[in-house]
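Read in my numbering, the sequence shown has 25 at position 22, and its numbers run on one by one without any break.
Read the hints as simulated data drawn from the structure, not as lab findings.
Quick reminder that beta carbons are idealized off the backbone N, C-alpha and C, glycines included.
Misleading hints may appear alongside valid ones.
Straight-line distance between alpha carbons at most 27 Å, and here's what the computed DSSO-like set of lysine-lysine pairs gives [claimed, not checked]:
hint, residue 1, residue 2
1, 162, 103
2, 152, 34
3, 285, 37
4, 292, 78
5, 37, 78
6, 162, 101
7, 84, 39
8, 78, 245
9, 101, 152
10, 162, 84
11, 93, 287
12, 285, 39
13, 84, 285
14, 62, 78
15, 37, 162
16, 191, 245
17, 34, 191
18, 152, 162
19, 84, 287
20, 34, 162
21, 78, 34
22, 99, 150
Ranges between beta-carbon positions, derived for each pair [unchecked claim]:
hint, residue 1, residue 2, range
23, 187, 300, 31 to 37 Å
24, 247, 93, 54 to 60 Å
25, 16, 89, 35 to 41 Å
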Amino acid sequence: MEIKVLLKLLTQIIYILCGLVSISTGIRGLKNEKAKIGTFLFWTILGIIFIFGEAIPYKVTGGLLVILAIITVTKQLHIGKFENISSQFKIAQSEKLKNKIFIPAVLIGIAAFLILQFKIGKTAIPPALGIGGGSLVALLAAAIIIKPKFSETNEDTSKLLMQIGATAILPQLLAALGAVFTKAGVGKVIAASISSVVPTGNIFIGIVIYAIGMVIFTMIMGNAFAAFSVITAGIGIPFIIKNGGNPAVIGALGMTAGYCGTLMTPMAANFNIVPASILEIKDKYGIIKVQAPMALLLLVTHIILMLLLFGVK
4 MEIKVLLKLL TQIIYILCGL VSISTGIRGL KNEKAKIGTF LFWTILGIIF
54 IFGEAIPYKV TGGLLVILAI ITVTKQLHIG KFENISSQFK IAQSEKLKNK
104 IFIPAVLIGI AAFLILQFKI GKTAIPPALG IGGGSLVALL AAAIIIKPKF
154 SETNEDTSKL LMQIGATAIL PQLLAALGAV FTKAGVGKVI AASISSVVPT
204 GNIFIGIVIY AIGMVIFTMI MGNAFAAFSV ITAGIGIPFI IKNGGNPAVI
254 GALGMTAGYC GTLMTPMAAN FNIVPASILE IKDKYGIIKV QAPMALLLLV
304 THIILMLLLF GVK
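Turn these sequences into a full structure, and let the hints guide you.
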């Protein structure tokens with residue numbers, strides 16, 4: 004078996020595992036008191052997309068995503084009720100495990116990073132395989148540290164996924180949106196619009212608009228990676244780099260400037276909305292409100308750094 008075929012097969016296994024977790028959550032949704040059918044359909048359809056994604060025609064997948072959107076908009080996706088865990092038990096477990104509880108979470112990133120450093124010949128490891136492998140390593144570590152029952156693991160997994168809700172698929176949708184915007188030539192449209200207002204050669208205004216554009220577009224798309232290609236093509240290259248800006252400096256600071264927008268948008272659900280749901284914060288935008296002042300300060304800092312390091316080689 005060729006290496007590429009093997010890696011593709013292993014990647015598909017990771018997607019199948021994700022799909023099985025989603026379907027398991029859908030089955031658990033049938034125990035809901037409210038919206039049991041909608042909850043079941045949402046997670047089951049999502050699981051089917053994960054498992055059979057390559058075999059399903061794109062138009063059918065698009066139709067299934069529309070169904071997921073309808074279920075969400077009509078509020079037919081609910082978390083349901085789970086067994087309450089006493090505060091005494093939580094405190095006892097906290098004292099028993101202490102900081103060891105963070106080991107699995109840290110291992111996800113470390114293991115994924117290490118896996119992705121390897122190459123088999125000239126073939127790189129697919130990103131999904133790195134992240135999936137890191138998650139499996141973390142799951143194994145958690146099982147060794149906590150020693151839970153399978154039923155407890157399955158129940159808590161469904162609870163966590165239901166807490167996250169529809170925002171679980173937002174990163175994938177936003178990444179796809181970024182690819183669509185780039186393919187559609189949105190960057191060229193932005194460049195044409197900006198050039199009609201901003202005179203070419205004004206470095207200061209170019210940098211300010213580039214940084215703010217990265218922030219705004221990231222807030223809209225929830226993803227600095229998706230915003231980077233569009234805004235850099237539309238503003239960064241024609242207004243800054245073509246006027247002598249160092250591509251390495253402008254590109255690096257442009258990307259991190261976009262993350263200032265990540266701190267201020269609900270579209271970056273995995274950073275701002277999901278933690279609020281998991282921590283059961285009453286104000287779901289509370290995290291954004293706390294982060295916004297620091298994000299604005301960081302934006303100003305990025306603009307200053309771009310100006311100071313503009314032509315540094």
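Against the structure, the hints come out as follows:
no.: 1; hint: 162 <-> 103; result: 22 Å, holds
no.: 2; hint: 152 <-> 34; result: 20 Å, holds
no.: 3; hint: 285 <-> 37; result: 21 Å, holds
no.: 4; hint: 292 <-> 78; result: 26 Å, holds
no.: 5; hint: 37 <-> 78; result: 10 Å, holds
no.: 6; hint: 162 <-> 101; result: 23 Å, holds
no.: 7; hint: 84 <-> 39; result: 11 Å, holds
no.: 8; hint: 78 <-> 245; result: 49 Å, violated
no.: 9; hint: 101 <-> 152; result: 20 Å, holds
no.: 10; hint: 162 <-> 84; result: 9 Å, holds
no.: 11; hint: 93 <-> 287; result: 24 Å, holds
no.: 12; hint: 285 <-> 39; result: 24 Å, holds
no.: 13; hint: 84 <-> 285; result: 18 Å, holds
no.: 14; hint: 62 <-> 78; result: 25 Å, holds
no.: 15; hint: 37 <-> 162; result: 15 Å, holds
no.: 16; hint: 191 <-> 245; result: 15 Å, holds
no.: 17; hint: 34 <-> 191; result: 51 Å, violated
no.: 18; hint: 152 <-> 162; result: 15 Å, holds
no.: 19; hint: 84 <-> 287; result: 20 Å, holds
no.: 20; hint: 34 <-> 162; result: 12 Å, holds
no.: 21; hint: 78 <-> 34; result: 17 Å, holds
no.: 22; hint: 99 <-> 150; result: 13 Å, holds
no.: 23; hint: 187 <-> 300: 31 to 37 Å; result: 34 Å, holds
no.: 24; hint: 247 <-> 93: 54 to 60 Å; result: 58 Å, holds
no.: 25; hint: 16 <-> 89: 35 to 41 Å; result: 38 Å, holds
Hint violations for this structure: numbers 8, 17, all remaining hints satisfied.
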